[in-house]
Structures are given as structure tokens and as C-alpha cells.
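J.: If you want the building blocks of each chain, they are given just below.
Protein chains: 2
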Amino acid sequence: MDLKIPSTGQKRVVIIGGGFGGIEIAKILKDKEVQIVLLDKNNYHCFQPLLYQVATGGLEPGSIAYPLRKFMQEIPNGIFRMAEVRNIDVANQKVHTDIGDLQYDFLIIATGSTTNFFRFPKEVSSKMMQMKDIPQALNLRSYILENFEEALLTYDESKKEKLINIAIVGGGPTGVELAGALGEMRKNILPKDYPEIDFRKMQIHLFESADRLLGAMHPENSEKALKYVKNFGVSVWLNTMVTDYNGEEITTADGKVIKSETVIWTAGVKGNPVQGFSPETIVGGNRILVDEYCQVKNYPNIYAIGDVAAMLSEDYPRGHPMVAPVAIQQGELVAKNIVALLKNKTTKPFKYYDKGAMATVGRNKAVMESKGLKMGGFIAWLAWLFVHVTTLIGFRNKLTVTIGWLYNYITYDRTLRLIIRPFKNLDDDEA
Amino acid sequence: MDLKIPSTGQKRVVIIGGGFGGIEIAKILKDKEVQIVLLDKNNYHCFQPLLYQVATGGLEPGSIAYPLRKFMQEIPNGIFRMAEVRNIDVANQKVHTDIGDLQYDFLIIATGSTTNFFRFPKEVSSKMMQMKDIPQALNLRSYILENFEEALLTYDESKKEKLINIAIVGGGPTGVELAGALGEMRKNILPKDYPEIDFRKMQIHLFESADRLLGAMHPENSEKALKYVKNFGVSVWLNTMVTDYNGEEITTADGKVIKSETVIWTAGVKGNPVQGFSPETIVGGNRILVDEYCQVKNYPNIYAIGDVAAMLSEDYPRGHPMVAPVAIQQGELVAKNIVALLKNKTTKPFKYYDKGAMATVGRNKAVMESKGLKMGGFIAWLAWLFVHVTTLIGFRNKLTVTIGWLYNYITYDRTLRLIIRPFKNLDDDEA
Numbered sequence: 118m119d120l121k122i123p124s125t126g127q128k129r130v131v132i133i134g135g136g137f138g139g140i141e142i143a144k145i146l147k148d149k150e151v152q153i154v155l156l157d158k159n160n161y162h163c164f165q166p167l168l169y170q171v172a173t174g175g176l177e178p179g180s181i182a183y184p185l186r187k188f189m190q191e192i193p194n195g196i197f198r199m200a201e202v203r204n205i206d207v208a209n210q211k212v213h214t215d216i217g218d219l220q221y222d223f224l225i226i227a228t229g230s231t232t233n234f235f236r237f238p239k240e241v242s243s244k245m246m247q248m249k250d251i252p253q254a255l256n257l258r259s260y261i262l263e264n265f266e267e268a269l270l271t272y273d274e275s276k277k278e279k280l281i282n283i284a285i286v287g288g289g290p291t292g293v294e295l296a297g298a299l300g301e302m303r304k305n306i307l308p309k310d311y312p313e314i315d316f317r318k319m320q321i322h323l324f325e326s327a328d329r330l331l332g333a334m335h336p337e338n339s340e341k342a343l344k345y346v347k348n349f350g351v352s353v354w355l356n357t358m359v360t361d362y363n364g365e366e367i368t369t370a371d372g373k374v375i376k377s378e379t380v381i382w383t384a385g386v387k388g389n390p391v392q393g394f395s396p397e398t399i400v401g402g403n404r405i406l407v408d409e410y411c412q413v414k415n416y417p418n419i420y421a422i423g424d425v426a427a428m429l430s431e432d433y434p435r436g437h438p439m440v441a442p443v444a445i446q447q448g449e450l451v452a453k454n455i456v457a458l459l460k461n462k463t464t465k466p467f468k469y470y471d472k473g474a475m476a477t478v479g480r481n482k483a484v485m486e487s488k489g490l491k492m493g494g495f496i497a498w499l500a501w502l503f504v505h506v507t508t509l510i511g512f513r514n515k516l517t518v519t520i521g522w523l524y525n526y527i528t529y530d531r532t533l534r535l536i537i538r539p540f541k542n543l544d545d546d547e548a
Numbered sequence: 118m119d120l121k122i123p124s125t126g127q128k129r130v131v132i133i134g135g136g137f138g139g140i141e142i143a144k145i146l147k148d149k150e151v152q153i154v155l156l157d158k159n160n161y162h163c164f165q166p167l168l169y170q171v172a173t174g175g176l177e178p179g180s181i182a183y184p185l186r187k188f189m190q191e192i193p194n195g196i197f198r199m200a201e202v203r204n205i206d207v208a209n210q211k212v213h214t215d216i217g218d219l220q221y222d223f224l225i226i227a228t229g230s231t232t233n234f235f236r237f238p239k240e241v242s243s244k245m246m247q248m249k250d251i252p253q254a255l256n257l258r259s260y261i262l263e264n265f266e267e268a269l270l271t272y273d274e275s276k277k278e279k280l281i282n283i284a285i286v287g288g289g290p291t292g293v294e295l296a297g298a299l300g301e302m303r304k305n306i307l308p309k310d311y312p313e314i315d316f317r318k319m320q321i322h323l324f325e326s327a328d329r330l331l332g333a334m335h336p337e338n339s340e341k342a343l344k345y346v347k348n349f350g351v352s353v354w355l356n357t358m359v360t361d362y363n364g365e366e367i368t369t370a371d372g373k374v375i376k377s378e379t380v381i382w383t384a385g386v387k388g389n390p391v392q393g394f395s396p397e398t399i400v401g402g403n404r405i406l407v408d409e410y411c412q413v414k415n416y417p418n419i420y421a422i423g424d425v426a427a428m429l430s431e432d433y434p435r436g437h438p439m440v441a442p443v444a445i446q447q448g449e450l451v452a453k454n455i456v457a458l459l460k461n462k463t464t465k466p467f468k469y470y471d472k473g474a475m476a477t478v479g480r481n482k483a484v485m486e487s488k489g490l491k492m493g494g495f496i497a498w499l500a501w502l503f504v505h506v507t508t509l510i511g512f513r514n515k516l517t518v519t520i521g522w523l524y525n526y527i528t529y530d531r532t533l534r535l536i537i538r539p540f541k542n543l544d545d546d547e548a
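In order, the protein sequence lines correspond to chains A and B. Take the first sequence: its letter number 67 is residue 184 in this note's numbering, and every next letter is one higher. Take the second sequence: its letter number 157 is residue 274 in this note's numbering, and every next letter is one higher.
Just so you know, the hints here were simulated from the structure itself, not pulled from any lab data. A hint or two may mislead.
[Stated by the list, open to error] One-sided and incomplete, this derived list gives chain B residues near chain A with beta-carbon spacing under 7 Å:
no., residue
1, Glu177
2, Met199
3, Leu523
[Unchecked claim] Calculated cross-link-like contacts (lysine to aspartate or glutamate; reagent style EDC-like; alpha-carbon spacing at most 20 Å):
no., chain 1, residue 1, chain 2, residue 2
4, A, Lys121, B, Glu191
5, A, Lys541, B, Glu191
6, B, Lys147, B, Glu191
7, A, Lys147, B, Asp310
Virtual Cβ for every residue (Gly too), placed ideally from N, Cα, C.
For reference, chain A alone in the conformation it holds in the complex (with noise of 0.2 Å):
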């Protein structure tokens, strides 16, 4: 069944995905000759760096989640559907969603990145928890609060060991953030809202297969980073590989054995393509090859963009980074292309341009570089806020964000600590 979308007699672009590069698409194609369907298996678009707040207390999702009807209302001639596509025909022009076929003249596939858990089988994998969508981090918002309430139960010193440490695996931005979070929490917080528990006995732990954290940055920045969350009391294992997890022990390649129930994973993303291509169109990290006009090899009209696509170069030979900065300029790229093959005139291949990288671990402390500059400690922190908050889009998500963190400064305190839909329960029921 097809898609109930008027035909404008324009060109139709497709962009399926509403995160980082998928709106900067909608937003350089708004008033151009063409008509614009914006689709995206949620109703919001999701501020990803962010995530880890919410799933420690620190923010709203609502702080960080903005709504893709209020994007599109920007965008006249753009239409949004919230759709799933299931995948592409391209002889015909055509995704296919769970809501229906719809007919392209240029599809962007800008799907992102899922986890993901390499070689562990599913038994062990589905003993985690991810950190990649909204749902996912207030799971594990739950998830870390029921697990301290139950603790408070137990005569079992053992089990309750397992109830408070918590192991972050993967030593990147989304693992040293959690951990420092996650430190901070247990310094300032935790011990008042639960007086009962000793919570010096508590553990938390970061596991990094490197022998550096944040790889992807300057080893003078790991160093920092490494003192940082070490401060927060961090035990952070570097070499150390985990190699398998019962739910209860987490097992390293050098044989340590670890005992908690809450094991994040935050080690590893990969592409998340649309289905409908010939498998040599996939490559290393389940992304779509594409040249450096982020043109889908072999396929006209159809682009990828951000973390599912794989533009190899001489100075990326993987791919780009799977950051959001690249998903934008690609999305910027593409869109000004479109522009451009629509009157004729040459396109322009990609080039990216490197702003640096930063990553914040907890009160005061953060790292960032940026064309050969470093930097660690307070202004890099503050720095790393200013960035954060004005890349938020949408005013009142800038303006709570903002205010939340004042807040959450001055008093120590992270008042979002509630257990709106529990997570243990759930898992028990389906069980």
C-alpha cells in the first residue's frame, strides 16, 4: 500500500533518520523546488551526547528529546512521517515502511549507529545494558535504582556487592562521561539517599580493551582523563578485554573476575543500515560504502550520511568518526549537492573539517583539543558546556538544560532520581 503523501509535481527527497544529519538536511532543502519526507521511527529527534544524564538523574528526556513535527513546522515544504522502513526497492524508487511504500526521487539514509556487542553471543549481550536511545537510558536509570533498593534488603554481603558496583565497558566519551557521573553520584548523592548502605565498599568500574582511555584523542588528554576519573574513584582497567558476563561475574581475557549486576556496555557502535542493498555495498562496521559525494556505490540517488555511511579515504581509511559533527557537514553536503544537480550545475565532493573533540568527566572536569590546542580541567568543562548547550536544539531544551545543570551544581544534587516505569519488574514478567 502506498503512503498517503500528495505528490507536488516536485523532485521528492527521502531522508530517513531525524538525527543530527537528517535535519540538517530538512534544514538546507527548506524553501528549494523540491518536497521534502522526513521519516524517523520515533516523534522526536535525540540528543544523544546527552544521554547519560538522563540515565543518571541529571536531566529530563524531555531536555533532550525535541519534537520532529515541531522541526518540520520550519520546513513548508517538508512533510514528516513516523515510520519504520523495513527497506528499500531500488529498481523501483521505493521504501518500504511499516506504514506503507513511498516513492523517491533522492533518498538519504541517515539511520546512525546501534550497539554493538562484537563477538558476545545474544545470551550474553541481553545481560547488559545500552545507552542509545531514551527508553534504553531510562532503563537504566531504573535499573541502577532498583538495584540499590533491593540491596538494602539483602543479609547477603556477596550479593549485595553485586547490587551496588556497577562496570562500564568501553573506555570512549560515552564511558568516561557515565563514569564520572556515575562517581560523582556516589560521592555526593547516593550516600545521603541511602544512608543504610556503606558505600565505600562500592565499585565502579571501566574496563578499556586499549591501553589508553578516549583513544580517539591526544594521549596527553587520556592521561588527564584517566586522573580525573580516577579521582571520582574510579577502578579503570586498562589491556584488560572483557570476555564474557553471566549476569552476575564479568570475566576479563587476563582472568579477573568481577561481581556486579549492572554491566554497561559502551564499547562498540556500528552502522545501522536500511536493508535492500547488494552485501558489497556494506562494509567494515555494518556502514554503507559511499564515495566522497556520500553517493551510495553502484546506487543513483541514493546517499548516506553519519555514522551508517563509510567514506574511505587516505586519511580515514575506516571512515569518519561516528560523531555528530560529521553527520552535519555530510548532511550539509548532500543537501547543497541536491541543490546544485537540480540546475545543472557541479557538485562538490566532501571534506571534512575536524573541530576537535572534547568529553567532560563530572564536576569541573573536562577534556578538549581542537586543531593542536589542548586542554584539561575547569575551562575545558565550561567549555564543554557552552558547546553541549548551544548544539541543543530547540529554546526551552537549551533553557532547561541550562537551568538543570545550575541546579544541579550548586546543590550537589541530581533530583531526578525517580523509577517511573521500573525496569527489573518488567524483565521479570516477560521472564
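Go by the hints and put chain B onto chain A.
T.: Coordinates of chain B only, in the frame set by chain A:
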């Protein structure tokens, strides 16, 4: 199994329910010579009067929920346990919960109320939405938005009508406030979000079996409220009893048939008592019969307060109204009486100090009355805002609600139109 709670040698006051009444007791017994144990099935206090704003995307759940553990930080002689009470064992002075048993010296039942569907069988009531807690309010938010998304997909005008129409049963404060908020959304927000839907065709129905809205208020205010909701385009059906609902059509006693897939039931609440009392203790409205000291008749050391308690008197032959001020005042009385009992002083009977009533009907419009004074319009609306913000618990909640309202007022917008946890899909999966 006994719940792991250390004895302090003091008398133990167990409070079931962290609503308005329960937390009032804990506040007053703070630093007194008792051990307080607060039990609640959630780890947060919910400010129920603003649930309808969560359901309509105006406020975040975190703005009206307050962590009970944070509240208990101020009560050094208090302990909190997240627990669902199964029943009470009066003979042995024990509370049985899902996490273990607990001895009490004084027991206070402050378990509030639940939706009362009266004579409707489960197959009818299960098709209606409720709004008595945060998950229900979030489900309603998701459901309404999901229906609009679905309405875009159909060519069937009758189906579309059912999807976009909303019916509210019950013209009390909750029904009136919800109708006003929905009327505002239809006017200011929805046509921008869904330009493809003709919102002149969207009907908002409000059914009330009595001959006026806000039956607990003065008839003049009922008239004003009626005028206000009608101005927001709500179809009000007075003297109209809903007799059936099949998921698509509402039938009324006088033979009307109204099409809507969204029916929100706000027409009744009933007490939510715990199990373990003799049948004659539970009276009309499923409430626990108490004397003028809030003591449960024939059960020494057990008190019931707020919505769940029925204190029958000449002034209130069917018990006090199920509103927050009654719960707070009864909580205060019981706490003071317990202190008096411990000091062998005389206890005091309850006397309700009725401050009045108020209800808002959307932007700039409210009605209020207090001690013979009646008011409507803008001033009443400001008073409503002031009373609700000051009654909220926690500085951050007061702050975020104020800012949220300011934002909504200035922009005519509500930005929390988020389907974080789809409701219809969940439903379909379970079916």
C-alpha cells in the same frame, strides 16, 4: 521473612503511602521520639493535580515527581522502603509487603485512591484511558499523539474521525482541566504539527451525568467553567450518562452515539485500602471507616487518612472530599495525636478547615472560591498558578514548573509532544 530494618528501641510508626498525607506525617514526626518507616510502591511522591499537564505535553514527569529518598534525607529518624503492601496482620501488628514483613506500633494507611469505573465491566473499562499516576499520564500522551500519526495514514474519513476525536467522561476538576488543555492544544499547537489534518473536524467531548460541571463548587462557578470550556470549543454534554463504550463508539443513556478511539475516564475515584480489615470497616466509596481521630474503627493503633479514609459526620455524611488539603490536615492531626499519646496527653478530634476550591480551564481562565468569595477569569487563573507552584514539593520542581509555564504561556506552545514509550504498539504486542 522479616524486612531488614534495625530497631531503634523507639515506637515504630509505619506509614503506607508517600502522598500528601503520608509525607505530612513524616514531616511532623521528624526528630520526635519515634522511628518512622515510610512505604510506597514508587520511589517518588507524585503531585497528582498536575498529571493532566504531563498527559498533554506541558510538563515533564520529573517536574511533578519528587524522590521520596530525597524527602527522607530531612527526616533523620525516618527510613524509606519501596514496597507494595499485600495485607496487614492486625493480630500480630505486622504489615506484609512484597519485600518482607514489618512490625508496627502505629500504622497509618495513606494509600489514596484509584479510578472507579463503577458498574462498567472490565472489557469496557479496559478500553478507556486513566490518569491517576505518571505512567498512565505518559501513556495517554503517547496514545493521543500516536492516534494523530495514524490519522494521517487513512483515507477512511470515519476512521480518521474516531482517531482524532477525544472524549472525557466526568466534569469534575480533572475532566474540566484536561478538556481545557486539549482545547488549547487543538487551537494553538495541533494544526501546526499536523497541517494535513483539518482540525475543525476534531471534536472534544466532555460528558457529565449531573446538570453542571464542577459539582463540588458553587453553581456560579460551574456556569463560568462551562462558558470557558465551550469557548475552547469543547462539546459539553450535561445530564448525560455514558452507558457503554466498545473502543470506537460511546453510547449514552439518552441514546447518543459519539465516535472516538480515545476515551478518558475521570468520572470517579474510590478508596484504595489495604487488605486485612473486616468487611464492615470498608464503607461507601471503598474507604476505610475512621472515627474523628482518624483511627480505624475497632483497630487500635491503626489510622487512615486522606482519600482512603471515610470520617462520617453531620457536615460530611459521605466523608470528606478526596482532595489534598484533607489528607494534609488529617496527616498533621494524626502525627500530633501520636506525639500526644506518647506523652500521655489528650488527643484532639479532626476538624476540616476548608480553604476553598479552584480549577483552571486553559489559558487565562480559572474559577475559584474561598469562604464565600467567588472569582473567575484571569485573577483566578493567576491564583491557581500561584497555589500550585507553591504547593509543589522541592525547589527544582517549583522552578521547572514555573519556567515551563512561562515558556508555554509566551510561545503558546507545549514542546513535550514526545512518544518516548509507544502505548498502542505495546498494547498490540500484548494482545
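J.: Next step is simple, just say for each hint if it's right about the structure.
T.: The hints, checked one at a time:
Contact between glutamate 177 (chain B) and chain A, as hinted, is supported at the beta carbon level, the nearest pair being about 4 Å apart and thus within 7 Å. Annotation: methionine 199 (chain B) was flagged as interfacial toward chain A, and the flag holds, the nearest CB pair being 5 Å apart, inside 7 Å. Restraint check, leucine 523 (chain B) versus chain A: the minimum CB separation of about 10 Å is more than 7 Å; hint violated. Taking the CA atoms of lysine 121 (chain A) and glutamate 191 (chain B), the gap is about 57 Å. The hint is violated against a cut of 20 Å.
Simply put, lysine 541 (chain A) and glutamate 191 (chain B) have alpha-carbon atoms about 29 Å apart, too far for the 20 Å limit, and the pair is violated. Between lysine 147 (chain B) and glutamate 191 (chain B), the direct Cα distance comes to roughly 8 Å. Compliance with the 20 Å bound is thereby established for this hinted pair. Distance hint between lysine 147 (chain A) and aspartate 310 (chain B) is fulfilled; the C-alpha atoms sit about 17 Å from each other, no more than 20 Å.
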